[in-house]
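Residues per chain are reported as follows:
Protein chains: 2
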Amino acid sequence: MSNQALSNISAPDFLTWAKTKQIHIEQVLEQTLPPADIAPQTLHSAMRYSALGGGKRIRALLCYAAAELCHTENHIADAGASAVELIHAYSLVHDDMPCMDDDDLRRGKPSCHKQYDDATALLVGDALQSLAFEVLSAPRLCKNASQQISMLNILAKAAGSTGMAGGQAIDLNAVGKALTQHELETMHKLKTGALIQAAVLLGAHGSNEQISAASAYAKNIGLAFQVIDDILDVEADTQTLGKTAGKDAGSNKPTYVTILGLAHAKDHANQLYEAAITALAPFGDEARRLRELASFIMRRSF
Amino acid sequence: MSNQALSNISAPDFLTWAKTKQIHIEQVLEQTLPPADIAPQTLHSAMRYSALGGGKRIRALLCYAAAELCHTENHIADAGASAVELIHAYSLVHDDMPCMDDDDLRRGKPSCHKQYDDATALLVGDALQSLAFEVLSAPRLCKNASQQISMLNILAKAAGSTGMAGGQAIDLNAVGKALTQHELETMHKLKTGALIQAAVLLGAHGSNEQISAASAYAKNIGLAFQVIDDILDVEADTQTLGKTAGKDAGSNKPTYVTILGLAHAKDHANQLYEAAITALAPFGDEARRLRELASFIMRRSF
Numbered sequence: 001m002s003n004q005a006l007s008n009i010s011a012p013d014f015l016t017w018a019k020t021k022q023i024h025i026e027q028v029l030e031q032t033l034p035p036a037d038i039a040p041q042t043l044h045s046a047m048r049y050s051a052l053g054g055g056k057r058i059r060a061l062l063c064y065a066a067a068e069l070c071h072t073e074n075h076i077a078d079a080g081a082s083a084v085e086l087i088h089a090y091s092l093v094h095d096d097m098p099c100m101d102d103d104d105l106r107r108g109k110p111s112c113h114k115q116y117d118d119a120t121a122l123l124v125g126d127a128l129q130s131l132a133f134e135v136l137s138a139p140r141l142c143k144n145a146s147q148q149i150s151m152l153n154i155l156a157k158a159a160g161s162t163g164m165a166g167g168q169a170i171d172l173n174a175v176g177k178a179l180t181q182h183e184l185e186t187m188h189k190l191k192t193g194a195l196i197q198a199a200v201l202l203g204a205h206g207s208n209e210q211i212s213a214a215s216a217y218a219k220n221i222g223l224a225f226q227v228i229d230d231i232l233d234v235e236a237d238t239q240t241l242g243k244t245a246g247k248d249a250g251s252n253k254p255t256y257v258t259i260l261g262l263a264h265a266k267d268h269a270n271q272l273y274e275a276a277i278t279a280l281a282p283f284g285d286e287a288r289r290l291r292e293l294a295s296f297i298m299r300r301s302f
Numbered sequence: 001m002s003n004q005a006l007s008n009i010s011a012p013d014f015l016t017w018a019k020t021k022q023i024h025i026e027q028v029l030e031q032t033l034p035p036a037d038i039a040p041q042t043l044h045s046a047m048r049y050s051a052l053g054g055g056k057r058i059r060a061l062l063c064y065a066a067a068e069l070c071h072t073e074n075h076i077a078d079a080g081a082s083a084v085e086l087i088h089a090y091s092l093v094h095d096d097m098p099c100m101d102d103d104d105l106r107r108g109k110p111s112c113h114k115q116y117d118d119a120t121a122l123l124v125g126d127a128l129q130s131l132a133f134e135v136l137s138a139p140r141l142c143k144n145a146s147q148q149i150s151m152l153n154i155l156a157k158a159a160g161s162t163g164m165a166g167g168q169a170i171d172l173n174a175v176g177k178a179l180t181q182h183e184l185e186t187m188h189k190l191k192t193g194a195l196i197q198a199a200v201l202l203g204a205h206g207s208n209e210q211i212s213a214a215s216a217y218a219k220n221i222g223l224a225f226q227v228i229d230d231i232l233d234v235e236a237d238t239q240t241l242g243k244t245a246g247k248d249a250g251s252n253k254p255t256y257v258t259i260l261g262l263a264h265a266k267d268h269a270n271q272l273y274e275a276a277i278t279a280l281a282p283f284g285d286e287a288r289r290l291r292e293l294a295s296f297i298m299r300r301s302f
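The listed protein sequences correspond, in order, to chains U and R.
To convert, note that position 55 of the first sequence is 55 in this note's numbering; the numbers rise steadily by one, no gaps.
To convert, note that position 257 of the second sequence is 257 in this note's numbering; the numbers rise steadily by one, no gaps.
If you are wondering where the hints come from, they were derived from the structure by calculation, not from laboratory data.
Each computed EDC-like pair below joins lysine to aspartate or glutamate, with the alpha-carbon atoms no more than 20 Å apart:
| hint | chain 1 | residue 1 | chain 2 | residue 2 |
| --- | --- | --- | --- | --- |
| 1 | U | K114 | R | D118 |
| 2 | U | K253 | R | D117 |
| 3 | R | K157 | U | E30 |
| 4 | U | K253 | U | D104 |
| 5 | U | K177 | R | D117 |
| 6 | U | K157 | R | E30 |
| 7 | R | K114 | U | D118 |
| 8 | U | K253 | R | D118 |
| 9 | R | K253 | U | D117 |
| 10 | R | K157 | U | D37 |
| 11 | R | K253 | U | D118 |
| 12 | R | K177 | U | D117 |
| 13 | R | K253 | R | E185 |
| 14 | U | K157 | R | D37 |
Computed from a prediction, not measured in an experiment: that's the story for all the values here.
Assemble the whole structure, with the sequences as input and the hints as a guide.
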């Protein structure tokens with residue numbers, strides 16, 4: 001991790017902020033997800049199992065940090081943050097299924113299809129995606145209805161075939177293939193980057209200028225996030241990750257580490273970090289949380 | 001089929017209208033779905049394979065018929081019709097997968113996971129759902145942005161855990177169980193009825209009075225549709241259906257036919273039809289297509 005990355009975290013202040021927001025988004029999701037005693041009970045219980053109680057909530061934190069930069073109203077930031085977390089949760093449930101990554105472990109617990117069954121996991125993912133759009137289409141969420149439609153459109157594009165689902169499809173076809181760094185980057189821009197970018201844009205849905213700067217930040221930090229993920233897959237153990245370590249390397253998937261080597265992958269992550277920070281240059285202290293989050297994302301590994 | 005049901009179809013006028021709309025929605029979907037030569041090609045090709053070229057497009061027809069009643073602008077009716085057809089197509093792709101109904105045949109062709117593979121089918125369904133919300137969240141679709149948000153909210157609720165996905169979950173748990181008619185009806189109200197109702201409401205997003213009448217019509221015709229489906233499963237052959245006949249009966253699923261018997265199931269369908277027609281009583285000739293569609297849905301079987 002670069003010195004600059006370290007200097008951007010003014011712990012404990014940032015960690016307190018992050019912890020507060022993590023607890024808050026958990027409460028928001030608690031309220032948003034249908035109660036487990038409402039029919040169909042198994043589906044609702046499995047949706048709550050999959051979307052609550054875990055993860056660093058990086059996407060929600062990015063949304064809240066962007067919301068602070070743009071003075072977005074709290075309830076709109078909550079809707080944006082929960083919508084991206086619901087989409088993320090759905091993608092994990094489907095990604096863990098036997099026909100995809102076939103992973104038994106997620107956030108230190110049995111993955112949804114292991115705890116329930118494949119059919120339930122399929123429906124859980126489907127229903128979590130619908131719920132994300134239900135949250136963002138709540139009547140009178142924004143005073144400016146056009147702005148609300150724009151949020152919905154950002155999320156739909158980020159989730160779809162030229163966003164997250166498209167990235168997953170490229171990933172499927174990449175197994176066992178020798179990708180160039182450019183091809184790998186295209187895949188991750190869609191697979192992980194699109195939703196991370198959406199998280200920032202939903203939080204920053206204020207002025208155009210802010211959206212443009214936030215977008216450049218989000219693009220770079222989204223890619224850095226994936227590079228770090230690939231490094232973690234090699235360096236961390238299963239307990240720390242809360243998911244099976246060495247999975248990508250073992251399944252012959254191209255990663256930043258296999259393409260660039262560990263040392264260059266770390267250099268590349270640092271470059272992306274620097275570019276993300278540079279994009280925030282026009283802003284003063286109001287972009288502090290976004291800077292700190294960039295450092296936080298980097299600090300996950302080294 | 002009752003005499004009244006027959007008298008409501010003034011063929012060939014209705015059939016010409018229906019055919020025109022079927023061709024039209026196919027063209028709209030052709031334009032809406034990403035081209036197969038845009039990356040990720042396999043995913044886009046599989047999405048087009050699953051959403052184009054088949055089906056009676058009952059949901060689109062209901063949307064267009066409701067749009068005529070409420071003088072909804074054409075491009076809004078197109079968006080509503082394609083959004084419900086995309087959600088319907090996604091549900092069929094996921095429903096056919098091995099962990100669900102495990103059906104190899106759909107609309108007379110190999111189902112998506114047979115033509116491609118399970119992982120692709122999973123992503124096709126996911127991306128078709130996102131695309132439905134992308135279509136409805138197009139910038140400036142409606143002059144009244146609040147109305148557009150209301151359409152998005154109707155679709156999200158109809159697709160989610162207390163709509164279509166919820167109905168699928170109840171269906172999963174119902175296999176091998178003795179359901180009452182009321183329980184069966186609750187299941188189908190969610191599984192099939194919610195999206196059929198959404199199709200009508202998206203078309204009829206005009207005045208509140210019209211939405212309320214259209215909603216009662218849609219509720220009844222949605223259930224009638226399912227009763228007919230259960231009758232067809234027993235009476236029709238695989239070729240006529242374009243999907244595996246006798247599937248529900250064979251898999252020990254409760255149906256209207258197993259609960260009520262064939263004759264009473266037909267009576268029940270007729271009662272639901274009459275109730276749907278009655279709900280349209282306040283309207284004159286402008287509700288003609290909705291009446292004709294009700295007859296068309298009834299005529300599918302007997």
